[in-house]
Every structure is written in structure tokens, then in C-alpha cells.
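**Q** Spelled out, the chains give:
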Amino acid sequence: MHDTTIALIQLGAVFFGLGLLGRLAWRFGISPIPLYLVGGLAFGSGGLVPLHGISEFTHLASEIGVVLLLLLLGLEYSASELTTGLRKSWMAGLLDIVLNAAPGAVVALLLGWGPVGALAMAGVTYISSSGIVAKVLGDLGRLGNRETPVVLSVLVFEDLAMAVYLPVLTAVLAGVSFLGGLTSVGISLLAITVVLVVALKYGRVISAVVDSPDHEVFLLKLLGSALLVAGIASELQVSAAVGAFLLGIAISGSTAENATRLLEPLRDLFAAIFFVVFGLNTDPRTIPPVLLMAVLLAVITTATKVATGWWAARRQGIGKMGRARAGAALVARGEFSIVIAGLAVASGHVSEQLAALATAYVLLMAIIGPIAARYVEPVGEFFVRRRAAVR
Amino acid sequence: MNVEVTPLPGIGVRQDFSIRSGRRIGVISYRDGKFELILSKQDDPDATAASIPLAPEEAGTLAGLLGAPQLVTQLAKQHRDITGITTRQLPVTAFASRTLGDTALRTRTGASIVAVLRAGDAHPSPGPDFLFENGDLAVVVGTAEGLDAAADILTGG
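Protein chains in written order, with full-length UniProt numbering: chain D, 1 to 391; chain H, 1 to 157.
No lab work stands behind these hints, which were simulated from the structure alone. Computed from a predicted structure; not experimentally measured. In this text, a Cβ means the ideal position worked out from N, Cα and C, and glycines have one as well. Treat the hints with care, as some may be off.
Here are some of the chain D residues that sit facing chain H, going by a computed Cβ distance under 10 Å [as the list claims (entries may be wrong)]:
{"id": "1", "residue": "Glu-81"}
{"id": "2", "residue": "Leu-137"}
{"id": "3", "residue": "Gly-144"}
{"id": "4", "residue": "Leu-296"}
{"id": "5", "residue": "Ser-351"}
According to the in silico footprint, chain H covers these stretches of chain D (three or more CB under 8 Å from chain H) [claimed, not checked]:
{"id": "6", "region": "147–161"}
{"id": "7", "region": "314–323"}
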């Protein structure tokens, strides 16, 4: 058979398989991300059925997947939402960082992965999956709840924290000298400040450059500018992901909304490939040794996210049940934890085991998160009733 | 009415208020133009008992159903103001155990009492020998000046 024929068949089989997995996942009310990862693990090196013919395509596609994931993360909130979010929720946001980054960092240090590994793992356990959280809140009809703005403002803060964290991580991962590292951190922080200021003041200009009433033209300009910015950022050692994310923040208003609607299917497609490729590159045999650690991390960081949500909701005068709901809603980790682990592993400066631990961890958290959000109410009511019965 | 406006970053805006029973009722306006009618639970005002997605035309119809009667009342009121005749409810405090005729309201102010409300019951078209009691409310029709004068008389003139 011709090479292209084999590639097409393999690619078709992969997409079709992912479609079936996704359908299965939503039927059980969980995110399909863990199943994509499992699918990747099954087909990768050391897995059940190795795939070879399409590695070049999937490699590039997974890179595009990361760019689109972060472009849409940037598009999600307007610059003014980000700045009000920062003013209103910085205390909850800081507590979120301290409580949820620490477990990852400590585990990485305990496993002897050094400060670079600790920084990467801190990000993996810190960032909630805004995609899963928003989907779960919508599915459970909780958007009208009083604690929901609290949950969303924590997500907005995490979004901002990513804008600072990602460039710093990329700089540290580049493994340059201390001084060189400082310069590149400085450059990236400067870039973020400039982008935020420009987006606040001249967001319309940037939006006007990419905007077009014609869907086809709009899509091409949008995708083109995203890949251009990502490529240039990558050349400047700021990582393609960061460039795309900053572009997303800079595009604002109705342009951002239209862009989100237009790019969502593309993002889902390429991000699915990204998760599969991440799974492909992780040897399933490396997972069992880190499984216990992943379970431990999952238990601890579930508790710390619930505590974050509880505290943030209490500050807004929300009742006990609402506080528990806010906490449970934030538990899910997903796409961005994998993006961070992917950046870390690709640099080659961290242990290969990090990929295994991150995979196992996200597998657990992407499943625990929606389940926790769904069942926190009945469980909470049970405790309330039992306490009433004791009295 | 105190309507609370809460931005929902990445989603839209929630606008709601507390009704007399203590529940919250309101609307989520999504960025893409969809609406959702929300109603909070009785026992947990933080939680929503129902959130009902509405298409723009459905939301418009519902708004019409709820808003139309009020609009009619408002228009009728304006109409009454234009013709110079108003209806007002006035407390009667100065004529306990005296008759309606004793007030000589029509002669003195041009306004007339069309009904008297007593303990939730309405006594329409009271005659000149109608006996007032403490706590009565008189429904008076007249010009604005006439009504002001009538109010003075009924409460102590």
C-alpha cells in the first residue's frame, strides 16, 4: 500500500476511535480528555498497537493543538474582565496558588526532580481545567447559583497566573544560565505587561486587523496570525503557547466571541490529537511506579481545591452548601496540566517520569472533578441530615 | 426593586432580585444572545432550583405576558391625569360617628366620595346619611386641587 493510503487509514481510525471515546465519556458525564490520553497510551511505544505512518503529521498537529488551546484560553476573558478579576479575587487567587501549587512542588522535590521539575509539577497541580469546570457548571444548571461568580473569578485569576507562569516556566526550562534566565523572564514579563496595556487601550485595533464579516477570511486570518505569533514567540524563546495566549488576550469584544465560536471545533480536533500524542509519547510501563504518588496527589489536591473554593465563597457570604459546591466545582484538572507537562518533557530538562505522573494525575482529576461537582450536594445533604438527627 | 447585576466572566451577565417569598428570580444573558430564566431554591437561596433556557423570541413573549398588564395600568393612569381627573384613597379620621353629609365635601371642594373601604370591604356609592367609623378609607374622585382640599377636610378640617 502507498504511504499516504496507510496514513489516511491510520488517521481515520484514530479520529473515529476518539469520537467513540468522546461519546462514551459524555454519556457518563465526564470529560473525554482522560480517555484520549488512555487512547494515546494504548497506541504508543510499549502500548498495544504502535502507530508509525502518521507521526510527522500528529507531531505538528499536536503543536497546533497547544497553540489553539491557549489562544482560546486567552480569548475566553476580555482584558477588562481580567483586570477586574484581579482586583476582586486576588486574595482567593493567592490562596489558590499557595494551596494547590505546593503539593505538586513538594512531590517533585521528594522524587528528586530538582527545582525545575518542582516548578513544572506546581503548575500541573495548580491549574483547574476551565473547560471542564465551565461545562460541568452549565450541565448541572449552576450558572445562576450565587457561588458561581466566585468559581469563575478564581478561574479568571488562574488564567492571569498562567500568563505569568508559562513564560517563566519556558525560560527556566530553556536551561539558560541564571543571568540569561533572568533576562528571558524579564522579557516575557515585559511582553505580558505590554500586551495587557495594549489590549486594554487598543484592543479594538488588534481586533480590527483580524476581524472580517466573511467567515472564511476571518478563520484564515485568525489561524494565520495565531501560528505566526506562536512561531515568532517560539523563536524568541517565549514558547509558542505563550504567544498564542497573549494574542488571545489582545483580541477582544465581539471579535473574540466570533473567533471563539469559529475556532472551537478546530481546537477540539487538534487538542484531541495533542492529548493522544502526549499519551503516545508516554510509555505505559512508566505509570505503575508513580501511580501511588498520583493517587496521593489527587487526594491532597482535591482537598486543597475544595478548601480554596470554600474560603473564597465564604468571603462572599455564601452558605455552607454553596461553599462546598464552589470547592467541588474547582477540583477538575485537565488540558492545561497536560500542556505544562508537555512543555516540561519536550525540553528534556526534567525526568521522563514527570510525563507519567502528570498523565496518571490528570486521568484521576479529570474524572474526580466532574463526579465531585455532581455529588457534593447529596453528600452534603446527607451530612446535614445526620447532624440534625444527632441533635 | 433592587436588581443585582453580576458579571459572569466568559459566560455573560446574571441579573436577579429577591421576591417577597425570599427566593431569587432573574435572568442570565449569555454573550451569544441566549437567555436563561433562573429561580433559586426555597431552602438554599444560593442554589438554583430551575434554570430554563429561552430563545430570544420566547424571552420576548414572556416579557410581554408579564409586562403588558402593568403597561395598561400605567397608560390608564396617564390618561386620567391628562383629563385632569384623579382617583385617590384618603383616610377619614375627623368624622368618626358622623355622616358623609356632614363633610359637605362636594360643595366645598368639588370632589366626590365614590366608595368607602372598611376592614377590607368596599361600600360603593355611599349616601349622605352614611355613618363613618375610625379607620375608614374614602375613595375620592376629583381634580388635583380638589383632592388636596378633601384630604385636609377628612383628616381634621
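**Q** Could you run down the list of hints and mark each one as holding or not?
**A** Verification of the hints:
1. Satisfaction of the interface hint for Glu-81 of chain D is found here, the shortest Cβ-Cβ separation to chain H being roughly 4 Å, below the 10 Å cut-off.
2. Interface hint status for Leu-137 of chain D: upheld, as the beta-carbon distance to the closest one in chain H is roughly 9 Å, under 10 Å.
3. At a threshold of 10 Å, the smallest CB-CB gap from Gly-144 of chain D to chain H is about 3 Å, leaving the interface hint in force.
4. Here the hint on Leu-296 of chain D is broken, as its CB sits about 32 Å from the closest CB of chain H, past 10 Å.
5. Interface restraint check for Ser-351 of chain D: the shortest CB-CB distance to chain H comes to about 35 Å, outside 10 Å, so the restraint is violated.
6. Counting residues of the region 147–161 of chain D whose CB lies closer than 8 Å to any CB of chain H gives 7, so the stated coverage by that chain holds, three being the minimum.
7. With a cut-off of 8 Å between beta carbons, the region 314–323 of chain D has 4 residues touching chain H; three or more are needed, and the interface restraint holds.
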